[in-house]
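Could you build all of it, start to finish, from the sequences and the hints given here?
Spelled out, the chains give:
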Amino acid sequence: MTGSATGSGATLESGAAIATTRPAIETHELRKEFGRIVALAGLTMTVPQGEVFGFLGPNGAGKTTAVKLLLGLSRPTAGGGLVMGAPLGDVPVRRRIGYLPELFRYQGWMTAREVLALHCELARLPRAEWAPEIRAALELVGLVDRADWRTETFSKGMQQRLGLAVALLGRPELVVLDEPTSALDPVGRQDVRGIIGALRDRGTTVFLNSHLLTEVERVCDRVAIVERGRVVAELSMADITRERGVSVLVTGLDDGGVEVAARFGPARVDGEWLFVDRIPDAAVPELVSELVSLGGAIHAVVPTRQTLEERFLSLLGPAPETSDEDAPTASREARP
Amino acid sequence: MNSVESILILARLTLREAAGRRLLWALVGLTALIVVLTWWAFSRISEVSPVSGPVQMLGVSQVTVMLAFMFSFVLAMTAVFAGSPAIGPDIENGLLLAMLARPIRRSEVMLGRWLGLAVVLVAYALAAGYLELGAVVLATGYAPADPLAAPLYLALEALILLTLAIVLSTRVASVAGGAIAVVAYGLAWMAGVMGGVGEAFNNDVLRWAGIVAKLILPSDVLWLGSAAALTPTDEVLRGGGLAEPALYKFSPFSGVSPSLPWLVWCAIWVVGALALGSLLLRQREL
Numbered sequence: 001m002t003g004s005a006t007g008s009g010a011t012l013e014s015g016a017a018i019a020t021t022r023p024a025i026e027t028h029e030l031r032k033e034f035g036r037i038v039a040l041a042g043l044t045m046t047v048p049q050g051e052v053f054g055f056l057g058p059n060g061a062g063k064t065t066a067v068k069l070l071l072g073l074s075r076p077t078a079g080g081g082l083v084m085g086a087p088l089g090d091v092p093v094r095r096r097i098g099y100l101p102e103l104f105r106y107q108g109w110m111t112a113r114e115v116l117a118l119h120c121e122l123a124r125l126p127r128a129e130w131a132p133e134i135r136a137a138l139e140l141v142g143l144v145d146r147a148d149w150r151t152e153t154f155s156k157g158m159q160q161r162l163g164l165a166v167a168l169l170g171r172p173e174l175v176v177l178d179e180p181t182s183a184l185d186p187v188g189r190q191d192v193r194g195i196i197g198a199l200r201d202r203g204t205t206v207f208l209n210s211h212l213l214t215e216v217e218r219v220c221d222r223v224a225i226v227e228r229g230r231v232v233a234e235l236s237m238a239d240i241t242r243e244r245g246v247s248v249l250v251t252g253l254d255d256g257g258v259e260v261a262a263r264f265g266p267a268r269v270d271g272e273w274l275f276v277d278r279i280p281d282a283a284v285p286e287l288v289s290e291l292v293s294l295g296g297a298i299h300a301v302v303p304t305r306q307t308l309e310e311r312f313l314s315l316l317g318p319a320p321e322t323s324d325e326d327a328p329t330a331s332r333e334a335r336p
Numbered sequence: 001m002n003s004v005e006s007i008l009i010l011a012r013l014t015l016r017e018a019a020g021r022r023l024l025w026a027l028v029g030l031t032a033l034i035v036v037l038t039w040w041a042f043s044r045i046s047e048v049s050p051v052s053g054p055v056q057m058l059g060v061s062q063v064t065v066m067l068a069f070m071f072s073f074v075l076a077m078t079a080v081f082a083g084s085p086a087i088g089p090d091i092e093n094g095l096l097l098a099m100l101a102r103p104i105r106r107s108e109v110m111l112g113r114w115l116g117l118a119v120v121l122v123a124y125a126l127a128a129g130y131l132e133l134g135a136v137v138l139a140t141g142y143a144p145a146d147p148l149a150a151p152l153y154l155a156l157e158a159l160i161l162l163t164l165a166i167v168l169s170t171r172v173a174s175v176a177g178g179a180i181a182v183v184a185y186g187l188a189w190m191a192g193v194m195g196g197v198g199e200a201f202n203n204d205v206l207r208w209a210g211i212v213a214k215l216i217l218p219s220d221v222l223w224l225g226s227a228a229a230l231t232p233t234d235e236v237l238r239g240g241g242l243a244e245p246a247l248y249k250f251s252p253f254s255g256v257s258p259s260l261p262w263l264v265w266c267a268i269w270v271v272g273a274l275a276l277g278s279l280l281l282r283q284r285e286l
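If you read the sequences in order, they're chains A and B.
If you're matching positions, the first sequence starts at 1 in my numbering and goes up one per residue.
If you're matching positions, the second sequence starts at 1 in my numbering and goes up one per residue.
Please note that a few of the clues may not be correct.
According to the in silico footprint, chain B covers these stretches of chain A (three or more CB under 8 Å from chain B) [stated by the list, open to error]:
| # | segment |
| --- | --- |
| 1 | 102 to 109 |
| 2 | 214 to 224 |
Okay, derived cross-link-like pairs now, SDA-like style, lysine to any residue, Cα gap no bigger than 20 Å in a straight line [said to hold, decoys possible]:
| # | chain 1 | residue 1 | chain 2 | residue 2 |
| --- | --- | --- | --- | --- |
| 3 | A | Lys156 | A | Leu143 |
| 4 | A | Lys156 | B | Leu95 |
| 5 | A | Lys156 | B | Glu92 |
Honestly, the hints are just simulated from the structure, not real lab data.
On a predicted model such as this, the values are computed, not experimentally measured, just so you know.
Quick reminder that beta carbons are idealized off the backbone N, C-alpha and C, glycines included.
Here it is, written out as structure tokens:
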């Protein structure tokens, strides 16, 4: 985690290595207002180069607004940032960026191949590279058979595959994908995961805007969680999955059982299951013997691993009742 | 240089779109039909009354100007219908979002769109205009004052309306933008007629109202130029024995050749409107 990511309200939970190269994206207090509506309150984050970065948040958190600001498609009300070392809104740097918008359409009267050729031209790729680039992109997204169909005949899923192909033209150094799997079936989603993995392998930075947590969990190296236009946490996926817990199926205990378990980590009871989070593996036998000494009968002990969804809900679960600045969110309690 | 390249990419795309959506073919087919009909109709007129003197000349010229007026109306509508959906719908359906993430500016998209549609419109106006005029000359033997200039003025008039429609399309929904442009065109024409009346009766209020309207939207300057180019010159009429040609020429279809300052104003107006359109588009949220 790089130091510049310490924005107001942000919690840095990861101890991952500091990126040695210049970050692909860094923003500072990026703010966007539409009249009296604040879409983005002050986005401060850093995306290291070569990582798959998940940008998560509930609907209306300002994710798409943030993407548009990063790509210069919208102007910030305040704050600023750098994308691939260039200030926001820089035009030439867009040659090095591929973008799949959330809501988009391509010229319906064109074939998929013609749309890709148009974007080769717009991206100013040398003409000799067009044919191999288009062929490679069509193969990657599985549209070779439909290359000469008019795009107006495409289903939503095929449109999304074409959008992905457009975003990958010319081997961009940064690929921004805004909800890339929203219209895809499970096979399509798996394909997209494969494509993102291949991009990571060749050193491309991927900025993945999504609300599908299981998708993000499977492909991302790092995630930022935004709420109300602010990053409330930046986490590395390795850290999340490293945090383990244990579920114990136990009978014959009174409330004292939970109190004992709470000494090992955050504990709660659901029916006959006792859940203890963030307990070190080595402490599990001690927990079990303490429960037995209290008169508990142990039927099962199951190690658990925290999912991104659980972390997401633990951060954003309770809706703040007071104003934005005073909201007692989990991240603020955890702020050093 | 880069900007020029971007504008040309968008202009080519717009031309391909016009061909792909069969706009070009519709225009070519309709033009052929109209030219044939024009030739047939004027052949009938000259059979009934051969064009041998200034009175017949004036008569044919008025029918020709009326025809040109109808053509200018069709051109104006074509310009408005082609221009008013040029930008807005592309923003609403996300087409522009994908393109603007490339190294291209919004103003370049707008100018490219304008250039592509301008090429289609001007080519159509000139080709159809010269063919129709050719059909009239062939059928009647009547030679207007300036047959080369007339379609050119019509093409420029269409360009003014295309520019207006495209500028509106940066901020207003297509239907509303189209309606505004059509109403503005109609008002400019009526103001031109009023200005002509003011000129004929030496009424300063009407004259100035006409001038202000032409400054706001100079389409009528070019229409009047086209009408003047299609009417016989005063010299021809006097030579033919008509004592007071100006009196004969006073009708809703009489014209006035635009002075150089007015032509310069038309050019300034187009450039200024496009600059305003760029500014409006730049400030629009996508």
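Now for the hints, and whether the structure bears them out:
{"no.": "1", "hint": "102 to 109", "result": "holds (count 6)"}
{"no.": "2", "hint": "214 to 224", "result": "violated (count 0)"}
{"no.": "3", "hint": "Lys156(A) to Leu143(A)", "result": "holds, 13 Å"}
{"no.": "4", "hint": "Lys156(A) to Leu95(B)", "result": "holds, 15 Å"}
{"no.": "5", "hint": "Lys156(A) to Glu92(B)", "result": "holds, 17 Å"}
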